[in-house]
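Asks: Chains as they are written, first to last, in my numbering: chain A, 67 to 468; chain B, 67 to 468; chain C, 67 to 468; chain D, 67 to 468.
Since the hints were made in silico from the structure, they are not lab data. Do not take every clue at face value.
One copy or any two copies: either way a pair holds, since identical chains are not told apart in the list.
Only pairs whose alpha carbons sit at most 20 Å apart, straight line, appear in this in silico SDA-like list of lysine to any residue [said to hold, decoys possible]:
no., residue 1, residue 2
1, Lys157, Gly393
2, Lys120, Asn101
3, Lys155, His142
4, Lys155, Ser143
5, Lys239, Glu286
6, Lys243, Gln346
7, Lys243, Ala183
8, Lys155, Gly393
9, Lys162, Gly151
10, Lys247, Gly431
11, Lys96, Gly393
12, Lys239, Gly249
Protein chains: 4
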Amino acid sequence: MARARIGIWLIGAKGGVASTATVGLIALQKGLIANAGLVSELPEFQQIGLTPWKNFVLGGHEIRDVRSYDEALRLHSESRVIDGGVLAKCKSELDKLEGRIRPGTVLNVGSTIEQLAGAEVRNRRESARQAIERVQADLKEFAKKERLAHVVVVNVSSTEPAVDPASLPARWKDLNKLIDKRGPGPLPASSLYAVAALDLGYSYLNFTPSLGSAAAAIDELARERDSRHMGHDGKTGETLLKSILAPMFAKRNLQVMSWVGHNIFGNMDAQVLDDPANKQAKVTSKDRLLGQILGYQPQTLVSIERIDSMGDWKTAWDHVHFTGFLGTPMTFQFIWQGCDSLLAAPLVLDLVRFTERAWRNGDTGLLKFLASFFKSPLGVAEHDFGLQFQMLQAWASGLKAM
Amino acid sequence: MARARIGIWLIGAKGGVASTATVGLIALQKGLIANAGLVSELPEFQQIGLTPWKNFVLGGHEIRDVRSYDEALRLHSESRVIDGGVLAKCKSELDKLEGRIRPGTVLNVGSTIEQLAGAEVRNRRESARQAIERVQADLKEFAKKERLAHVVVVNVSSTEPAVDPASLPARWKDLNKLIDKRGPGPLPASSLYAVAALDLGYSYLNFTPSLGSAAAAIDELARERDSRHMGHDGKTGETLLKSILAPMFAKRNLQVMSWVGHNIFGNMDAQVLDDPANKQAKVTSKDRLLGQILGYQPQTLVSIERIDSMGDWKTAWDHVHFTGFLGTPMTFQFIWQGCDSLLAAPLVLDLVRFTERAWRNGDTGLLKFLASFFKSPLGVAEHDFGLQFQMLQAWASGLKAM
Amino acid sequence: MARARIGIWLIGAKGGVASTATVGLIALQKGLIANAGLVSELPEFQQIGLTPWKNFVLGGHEIRDVRSYDEALRLHSESRVIDGGVLAKCKSELDKLEGRIRPGTVLNVGSTIEQLAGAEVRNRRESARQAIERVQADLKEFAKKERLAHVVVVNVSSTEPAVDPASLPARWKDLNKLIDKRGPGPLPASSLYAVAALDLGYSYLNFTPSLGSAAAAIDELARERDSRHMGHDGKTGETLLKSILAPMFAKRNLQVMSWVGHNIFGNMDAQVLDDPANKQAKVTSKDRLLGQILGYQPQTLVSIERIDSMGDWKTAWDHVHFTGFLGTPMTFQFIWQGCDSLLAAPLVLDLVRFTERAWRNGDTGLLKFLASFFKSPLGVAEHDFGLQFQMLQAWASGLKAM
Amino acid sequence: MARARIGIWLIGAKGGVASTATVGLIALQKGLIANAGLVSELPEFQQIGLTPWKNFVLGGHEIRDVRSYDEALRLHSESRVIDGGVLAKCKSELDKLEGRIRPGTVLNVGSTIEQLAGAEVRNRRESARQAIERVQADLKEFAKKERLAHVVVVNVSSTEPAVDPASLPARWKDLNKLIDKRGPGPLPASSLYAVAALDLGYSYLNFTPSLGSAAAAIDELARERDSRHMGHDGKTGETLLKSILAPMFAKRNLQVMSWVGHNIFGNMDAQVLDDPANKQAKVTSKDRLLGQILGYQPQTLVSIERIDSMGDWKTAWDHVHFTGFLGTPMTFQFIWQGCDSLLAAPLVLDLVRFTERAWRNGDTGLLKFLASFFKSPLGVAEHDFGLQFQMLQAWASGLKAM
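Based on the sequences and whatever the hints tell you, model everything.
Replies: Okay, structure coming up:
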């Protein structure tokens, strides 16, 4: 039986994560690389009927006037992220991809992101409703042209300034009315894309700390339309380590007095996070889990700073100060030197693959079993990575044979 | 109902771990310290009928001619392990303890440990059988004098040179015959204590990498006598972290190319490990788990070296070199600065408490549910700390109400 | 020949640095401690006629209502800075010291420091002139009562908000007129103490980033009165390391692209630096030297944050990203775990001792040969620690025999 | 005036350091790279008449059957040492270089190095005298064909097993007689090359811990022939840092209790050092300086281990445990992640350039002013890098104008 073709639609389609995911997918399809870093390639997920890489087709929205290949080349030359030989073999596919990328929207993304946009995108005047409809037209055209059985939309764009979900109406019908008003409305771009996708029955994943589908009303829309979504903020580096290490302190009854984490990096994400409004959303997301895992709140400090020379390489230094038996303070420190895009990109592909399988399985609403992929998993209180991973394993074991 | 009194019998009763456990137990009984570092004090173990600290009585074997209080004082003055104020309040109890400590045996402990022993112990001539009988006489006298319902023997003495369990007869009756021969026989001291305890129906725990009860024949003895045992090598620092961190690399499909761990410390344990024969047993124990957790064997290097100025503070630097998506190498490093005795001592007390509860529950043979406490848990292939801890939780949930 | 008695007058006489210097001096006078950490005890300074420790007498100003012994005890119990046994032997001297400590002034110290002050100090109404005269009366009384040949005033109080020296008149006569006006005038407390001391012919040292004697007009006063001064900001930890390490990169022509330094600590100094106004003075002082040493300005980031559990222990993580031959980026990182007071206190005593010797030698004005002790040495452009130390050695070699 | 052409003759001409130096020199000659990492390009050495890069010509001895370009390519692909674009532009020059490389000798290099050699080199039977004469013929042919005014021979080959210089005759005439005997004689290959070069009046530099010209008799030969030499063991990474940092502890009178340094790397040098005989020479060289700088011997531990995945990247973790004022222990740690070849190669070129200038200046015998480049500078007791660098500066200032 010929399997169906599945669309991956990336918001921020030429950013670092998207470029790396794109080159990676092409390289997988061409058999140029091994499967390191891909969760869905672990032995335990080989019998659950995941769609093979070759059946996926990429497209997306982008606000900048750049070319995919140039962005990927920059990751190679500035940060040694992508091997030059592999990249050369992917060039023709990257050039073809240009035709499947549409201009995005900068509604409510804040001035720092706005300034990155090309003139056409920046000068476009549209209401929230018009933006949604434009996005939906793009998605439908993509699905039709490429003969896709399903589309998974993934937000991998820059972090927007924080929006408090509680400031929005809790019901979809009320939120929908606000969207109909003239002007940009209350939703940031990440949520407009979410509404557009979920309303069409497509899946939506938010790999960033932006609002996306985190509003209750948007979750209601997803359930009404039998679509599915999950988020938010991919757990790739320092926070992943926190969700691994904090359980050790908890289970050994070691009292964490303070946990300090300093992060430095230098890619475009760093430029956006240099704006305090955008940074706050990120820092909150990185700092949330310790209290839940430990059962009390130690003093915490999280910084994330732009250091240009680091490029795509994120270095984190964490200092954990704790007391043990008889009250004596001890110290644990780690230094993480990871390449942001290389850690994020495979998870994006994994999430799409698991979500597509959930679509075939009839799962709707929040896909909580994907919690282990996110810093702030929607609807999931558990932050222990080991226990989150067991949710994924349990879902996989329970899948109907297909 | 008055609860029964329970004996804790420490082999190596005046070493660093034992001294810290002793001061800690006294301090707990006097209400001088909080419960930090004690696993059995976690909320989830409060409803399973563990025996309160005040019901435990300490005794033990020791080969050196030193006083408990002096050893504890040295931990205070040389390594700031124990608070001076707490120690002063425990002095009278430590002095009383002297009467419950008996001379140990140095049969087959190797020359480095032998040299630590006092003249009486070093010059004693006894066969393996005589040593076992002497130990049993000590244990029975302890139980009788202190009116104890049960005794848990814990080996916290220095690491003996490695003995290959496969070199011993697999059946108890055959091993027992060897013990009857004249001379020291094939078993190191740690195993003679194990035989002595298990034969009496007492519980035996091996917190060290020494052989202890790891021989199949000794396990058979335990099952025949309805006694229980577990080991070996307490998981307190660098190896604990490996058993926490390696699962992250495995579950994210990140390929570990090499894992280097260098440990430095300066206490008496360090002096003993300065002998290559003794060190080998330790290093093997620290290096075993990565292959099991990862599913393949990366290049590994483990060193543990004596640096006198460090005293009881063990510092470990671990360097993990791994590849992710698209094959690019990345690096994770950690630095652990822990106080060996403070990390080990509460686990000794926890192990005793859980084991005593298992005794009341009728558990016999290997107590596999204690796997999370050990670097090389007997009879347990699982090395992922999170999964090991779930074994402890499952045991606790399944306990008969008492 | 009986040597003269010399006064050490500490501004912030009960703070962490002062308390440690005080206990240290007493311990040196009683022969309780060795000379570790004391520069003036190096072999090369043994033939230059430095005054022995027993000839120094302590006094000072303090704004808080606390007792010296209690502050020292807190350093012992909270941060294990001072050994309990040593401290006990110094108690009676610490109690006697109370009589030689006078209430300080909080003129222009900023609200964060003001809030630390006792009611008497906080509520005192005095003009700048009155404050100077009160301080001078205290100093003269100290010198008279203790029969002192000379007094060295050292500022070890909390960091004041930054004052731009360029905002002050450059000539002493003009500044002096401003002091005569009613009200607090333009000078922060650190400078009022400097004026008071230098006007009397005493020596003044500024161990903090506060303004102190850094104004040109105050230097003129010092030269007019034949007194001497130096500052500012003691170089004790991370910045010391920068002044050691940056020359290596310079001399090997390795290009530093970025230098990130994160500092955490938890003492009272940390509380004061939690106020952004006060912090700015500190950060500027820590960040100045790299450009001078390297000859170009790399991207730098310096943070210093209050983490309460750290107490007096300052931990710094520095990440240096540099390129070498053929342009490939490399990394150097260090972690410094030092006890702030223990690193600063001996330097305070050394500075006093060298300054007193300079007084006998007839040196006046800026004591530039003390540059190696300061983050921002007044009047000295050289920041390479090795070269700065040679200035001290050269001064010592050139001393007239006495 | 046209400047003379100068030969650089590399022993180990296709190893990692040599390959990097070669590509680097070609890239400098072609203007492809900036001068980062080159000491001789510092502003202070621009007026002393150093020979420009374009006047240098490369040649050398090699024992392996490999091609220069392939070795450089491996540094690019395995360790990202050399940029692919730069390398491609140097290929034709690398290919031409093949004609100027001659088979080396493996006399007394130990079995580990011997096994690396090609069949021709390994099977050659020659006495020490024959080897010297063959080397001299190669050097003379090189000088003649390339019309060279002078040749500087630099040993950058693998580390030989240690030879005790004291085991050799102290006078050249006695050593010369031993060389005349049949068989390999007492000298390792590194010394045979030294003798060959110095006897011809050429310069010899030993960048490795091998014996080279360190024997007193060979120094006598150099002085007799008016030739010049220096060594040994290039100071590129961890030891450089020790020579920078130890002076700080000394000058602040901080007592170093222990200094632990663990090094890991994975290039061919690492394979050779895996042989304990070869490793000992290296470790001794890395460990020598602390006692000299500090004035006392702390406990030290130096390890250097082969971890294949690291390739040419050497990571060092150093842990310094020291006491300061009042005896409290503190800790300094650093992590150095440097690329061995990239750090060594520019120093090789600098050394050649300075040595050639010394030749024109008429300097003969030991070139002590080059001490800052070496872990164990011959004839120089000073190990403080800052002071060693001043020796270089002093030499440069004293040069006769040319």
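Asks: Treating 20 Å as the Cα threshold, decide for Lys155 and Gly393: within, between, both or neither.
Replies: between (59 Å within a copy, 16 Å between copies)
Asks: With 20 Å as the alpha-carbon cut-off, assign the pair Lys239 and Glu286 to within, between, both or neither.
Replies: Cα proximity of Lys239 and Glu286: one copy only (9 Å, versus 70 Å across).
Asks: Classify it for me, Lys243 with Ala183: is the Cα-Cα distance of at most 20 Å met within a copy, between copies, both or neither?
Replies: Answer is neither; intra-copy 28 Å and inter-copy 58 Å both fail.
Asks: How would you label the pair Lys120, Asn101 (within, between, both, or neither) given a Cα cut-off of 20 Å?
Replies: within (14 Å within a copy, 47 Å between copies)
Asks: Go through the copies and call it for Lys162 and Gly151: within, between, both or neither, with a Cα cutoff of 20 Å.
Replies: within (19 Å within a copy, 26 Å between copies)
Asks: As a check of your reading, is Lys157 near Gly393 (CA-CA no more than 20 Å) within one copy, between copies, both or neither?
Replies: Answer is between; shortest inter-copy Cα gap is 19 Å, intra-copy 59 Å.
Asks: Within, between, both or neither: how does the pair Lys239, Gly249 come out at a Cα-Cα threshold of 20 Å?
Replies: Classified as within; 18 Å inside a copy, 65 Å across copies.
Asks: What label fits Lys96 with Gly393 when the C-alpha limit is 20 Å: within, between, both, or neither?
Replies: between (57 Å within a copy, 15 Å between copies)
Asks: Up to 20 Å between alpha-carbons, please classify Lys247 paired with Gly431: within, between, both or neither.
Replies: neither (27 Å within a copy, 73 Å between copies)
Asks: When Cα atoms must be at most 20 Å apart, do Lys155 and Ser143 count as within-copy, between-copy, both, or neither?
Replies: both (16 Å within a copy, 17 Å between copies)
Asks: Measure nothing new, just compare the shortest in-copy and cross-copy C-alpha distances for Lys155 and His142 to 20 Å and report within, between, both or neither.
Replies: both (13 Å within a copy, 19 Å between copies)
Asks: 20 Å Cα cut-off: does Lys243 pair with Gln346 within a copy, between copies, both or neither?
Replies: neither (29 Å within a copy, 49 Å between copies)
When held up to the earlier numbered hints, the structure conflicts with 6, 7 and 10 and fits the remainder.
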